[in-house]
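**Q** Given only the sequences and the hints, what does the whole structure look like? Please build it.
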Amino acid sequence: MTTPGPPPAQRGPGLRRRVTVAFALGALVLSACLATLTYELARSYLLRQRESTLVSQAYVNARAVRQTLSGPDPDIPDLLSAVETPNLSRALLSYQGRWFGASVAVGQESLPEGLRREVLDGVPARQRFALDGRRQLSVGVPIVSVGAAYFEVFDMEVLASTLRVLGNSLVAGAAITTLLGAAVGRWASGRLMQPLANASQAAAAVAAGRFDVRLDTSPDADLAVLADSFNSMTDALGERIEREARFASSVSHELRSPLTTLSASVEVLQARRHEMGERAQRALDLLRSDLRRFERLVGDLVEISRLDAGAEQLELEVLAVGTLVEQSLQRSMRPNVAVEVRPRARGVEVRADRRRMGRVLANLVENAETHGRGVARVTVDREGWAARIGVEDRGPGVAPEERQRIFERFVRGEEGRHRGEGDGSGLGLSLVSEHVRLHGGRTWVEEAPGGGARFVVELPVARGGPTVP
Amino acid sequence: MSAILVVEDDGRIRASLRLALEEEGHAVDEAGSGEEGLECLVRQAPDIVVLDLMLPGLDGFEVCRRIRRTSDVPVIVVTARSDSHDVVAGLEAGADDYVTKPFVPKELSARIRALLRRSGTRGPSAPRTLSFGDVGIQPDGGVVRKAGEELTLTRTEFRLLCELAAHPGRVLSRERLLEQVWGYDYFGDGRLVDVHIRRLRTKVESDPASPTLIVTVRGLGYKLVP
Chain A
1 MTTPGPPPAQ RGPGLRRRVT VAFALGALVL SACLATLTYE LARSYLLRQR
51 ESTLVSQAYV NARAVRQTLS GPDPDIPDLL SAVETPNLSR ALLSYQGRWF
101 GASVAVGQES LPEGLRREVL DGVPARQRFA LDGRRQLSVG VPIVSVGAAY
151 FEVFDMEVLA STLRVLGNSL VAGAAITTLL GAAVGRWASG RLMQPLANAS
201 QAAAAVAAGR FDVRLDTSPD ADLAVLADSF NSMTDALGER IEREARFASS
251 VSHELRSPLT TLSASVEVLQ ARRHEMGERA QRALDLLRSD LRRFERLVGD
301 LVEISRLDAG AEQLELEVLA VGTLVEQSLQ RSMRPNVAVE VRPRARGVEV
351 RADRRRMGRV LANLVENAET HGRGVARVTV DREGWAARIG VEDRGPGVAP
401 EERQRIFERF VRGEEGRHRG EGDGSGLGLS LVSEHVRLHG GRTWVEEAPG
451 GGARFVVELP VARGGPTVP
Chain B
470 MSAILVVEDD GRIRASLRLA LEEEGHAVDE AGSGEEGLEC LVRQAPDIVV
520 LDLMLPGLDG FEVCRRIRRT SDVPVIVVTA RSDSHDVVAG LEAGADDYVT
570 KPFVPKELSA RIRALLRRSG TRGPSAPRTL SFGDVGIQPD GGVVRKAGEE
620 LTLTRTEFRL LCELAAHPGR VLSRERLLEQ VWGYDYFGDG RLVDVHIRRL
670 RTKVESDPAS PTLIVTVRGL GYKLVP
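Which chain is which? The protein sequence lines are A and B, in order. Reading the first sequence from the start, the letters are residues 1 to 469 in this note's numbering. Reading the second sequence from the start, the letters are residues 470 to 695 in this note's numbering.
Worth flagging that the hints you see were computed from the coordinates, not collected in a lab. The beta carbon of each residue, even a glycine, is placed where N, CA and C say it ideally should be. Do not rely on the hints blindly, as some may be mistaken.
[What the hints assert, rightly or not] Partner residues aside, some chain A positions facing chain B, computed with beta carbon under 8 Å: (1) R256; (2) S257; (3) L259; (4) S265; (5) E267; (6) V268; (7) E447.
**A** Printed below as a string of structure tokens:
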């Protein structure tokens, strides 16, 4: 009995996964922002610091150049190579309309036009530019007193590689933070989900009929609400089921007492049967046979209401299925029914309630006798990890469209064609399937090889199943 | 002809049972409550008691326990359901057998006959004492002694012990014990045997929780270890 629901594939990602992803994303955004900010701050600070260092260095050097140029007969290339350039800067000098450079790589044409003009016009300036794809900073100092202009070109790429290392570390840091975020999210959601998982376990236990399960009332106010309402629901449910079971039990008692009186009285009448007239005897026969039917009906009704209430408890034993079937048939006083145990079913054991399985077999045999012209044979077989008990009759079989319905309550083969005959209560087969379901097995009806109906009871094998190669 | 005491609060059931049992040739006394039943027991000394478990006031379990304090008269309890705990509880309170409402009086009288038959003759007739450790059984005298002290066993417990003692070391199945002790030649309830074995153990075993004399052979039955 499954209600059609959405296939699992249509379900969105689980709460836990969503929390984990959210945590990871949060950590990513946060760490990316922090990294960007850190990078920018570090970069501008480093640049500014480097620039001011370079500018002051350029001024110091320019002063030295001016001194030399003020002197007699300055050796300019010598001067330029003597200038201290600790920061890998290259010096350029414009003196009396000529350019001198300390490095071949950097000539006056390397300098940006605007900077050159500005400095030659007597204004100190600096500018960042790119040379051969490398970032450079140029500082120009006009030395007006001697009509010269001193430039220094610094390669800023050294700084760039420092910044690259910093940037890489920050990216790595952000990645680690993201992973940590995901881990924290997973852990936290796991902790968060624990009460939910507990609740779901408890709910499953309740669904399975255990009404004594309780959720721990946690000190956490948020969770306590869940636990409290769950517990009160279970209480209410258990109470209700108990009430129903009590009702079933009182119904049984109330109905059984008058039935006891009736059957005792009818038996006295039966003992005095010879004193009665023929019509009274016929009436007595009718009374007896319907009394038997009434007893059956009450018994079955009480049994099924107890099953509905979930009040039934199995007394499980591990039993050889062949022996179980034979004993059950003997108990229902049908020792003459032929039982065929297939070789592969020999020694197969099931976990079963002896008394209940006795009822199952008795009901099936009775069903065969009432509706199927008697039992043809009873078979015991094994199919993988399932033991199968088949009860075959000599009747016309069950039409395919009836095969499900026949296990419903008060449904008889071919809609009550046999009503009024036999002692059937109309509950026998549904009791069979309910009892078998309690054992974790299933029941169905199929066509027997001889054309009759074969009712099959399948029980999970407890021991002696197929040997694993 | 035997004297049967029917303790049952439902007057109609009492009346119909009296009719049916008298039809079988028994003498029937009726009691409408547990208290009345206990009085009758003293006054009439019946051969057998049929006791409804659901009685107003003093319930059937308590009545059964009180009967057992003074008497080993066979008791058949009447329960409303065969699958309830009532059956086991009733047997544990000291009942010898049970029937489930609604029962056919024929079924009841069959059980009455079986109980009476076995309370008439006691075990195999060889004048001897069987000894197992500190437990001595005299099947004829109906006496069981443990360490020299006489034990009070009900007739059913005694029969059960004798049956086990007659085949020391052999595993006896529940079905066989039911047949031999209760006289059922058809399916009975294995719980009858289980509960009586349990009760028997509390009397003859030194430590009923780990029995050494009457041991369970899982899936097969019980045996008495010589």
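**Q** All the hints need checking, so say for each whether the structure fits it.
**A** Checked hints:
{"no.": "1", "hint": "R256", "in the structure": "holds (4 Å)"}
{"no.": "2", "hint": "S257", "in the structure": "holds (5 Å)"}
{"no.": "3", "hint": "L259", "in the structure": "holds (4 Å)"}
{"no.": "4", "hint": "S265", "in the structure": "holds (5 Å)"}
{"no.": "5", "hint": "E267", "in the structure": "holds (5 Å)"}
{"no.": "6", "hint": "V268", "in the structure": "holds (5 Å)"}
{"no.": "7", "hint": "E447", "in the structure": "violated (32 Å)"}
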